Amino acid sequence: MVVVQERKQPQYYVAFDSAANIAGFYVDEIHGDDIPETAIPITAEQWQTYAAAPHRYKLDSGVIREKTADELAAELAAARAALGYEALRRSEYPPIGDQLDALWKWLEPPEGTEAHEIRERWLAVKAAYPKPEGSIETDGA
Amino acid sequence: MATIQTLNPTDVIKETFGKINTSLTNLNNDKLEKSGDTMTGLLTTLGGIDLEVSSVPTGKVGRMHANGATNQIYYHDGTDWRNMWHHGNNPASVSANGYQKLASGMILQWGTTTEIAPNILAEIVYPIVFPNTCFALAATVESDWDDVAAAVVSYVSRDLSGVTHNASASKKIKWIAIGW
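Protein chains in written order, with our numbering: chain A, 3 to 143; chain B, 335 to 514.
For reference, chain A alone in the conformation it holds in the complex (with noise of 0.2 Å):
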């Protein structure tokens, strides 16, 4: 009787820059000998937990270890810190649907203009779906 083998279980392995950070996987039966000689053989286990969050684990004194909370803070401060001002500002302004329901309350062009033709259909809305007692406008709502 001729028994069909079932799939043997592949060997993980990552490797990690010179920052020692995970710089990617390696599996045997894809990879073969292209696998670099640094790599770390790791279980399917711990394949399957750094691969769903590679930037939190890191190399340290040949040990994969968790990053600290400071050290990722520390991370993303970089990554801030290397954007320019206007991606800074971006990130900070308020919703764009937030800053024209400013402007709409706000403002009361003439009537004839575009822009008075606009906020009547803004207020429209605004009446068939009125607020209910008690709700908070949000996202320009």
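Hints are computed from structural coordinates only; laboratory data are not their basis. Bear in mind that the values here come from a model prediction, so they are computed numbers and not experimental data. Glycine included, C-beta positions come from ideal geometry on N, C-alpha and C. Errors might be hidden in some of the hints.
[What the hints assert, rightly or not] Below are the DSS-like pairs computed for lysine-lysine, each with C-alpha atoms no more than 30 Å apart in a straight line:
1) B:Lys-368 to B:Lys-394
2) A:Lys-10 to A:Lys-60
3) B:Lys-506 to A:Lys-69
4) A:Lys-60 to B:Lys-506
5) A:Lys-133 to A:Lys-107
6) A:Lys-60 to B:Lys-508
7) B:Lys-508 to A:Lys-69
8) A:Lys-128 to A:Lys-107
[Unchecked claim] Listing some non-contacts, in silico: residues in chain B with all C-beta distances to chain A over 12 Å:
9) Gly-370
10) Tyr-408
11) Met-418
12) Ala-470
13) Thr-474
14) Val-475
Assemble the complex: chain A is given as a structure, and chain B must be docked to it using the hints.
Relative to the frame of chain A, chain B by itself:
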């Protein structure tokens, strides 16, 4: 109790299915048995197995070849040899962050990141490195209907990709990549 007649395997194959390439030596087929129209046992040869059946009915395979050295199985469709796909040449990990290699060499990978802050360049490290290249990666933001946002793929390499999203808060990115 039924009696199982043990026959010379090569003769059995010739008699039942057509002809077998007998040019190979060191045949070791003494475990083959026939019962009615059913043959059971292990057909072994050195260098692989070629099975050829004459007078092939419609819908049946006429010629097959198994190469033990390369772990490939082929059938002949009447014109060309075709590679059969099986779990030995289609390795995969079916999980939340996983991959599927096809016998053609193409690899599909997919996953979901942890939450990424908006408007910063973050990296997606694939579940496995693409051996050659990643052709494309598509990413989308896991968000609510009232916080519609987009993800931008800034660069794609064979081991990771750079993505950014513009949601109002930290969000997960769902992605799929194709390469080989």
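List of violated hint numbers, smallest to largest: Hints that this structure does not satisfy do not exist here, as all of them hold.
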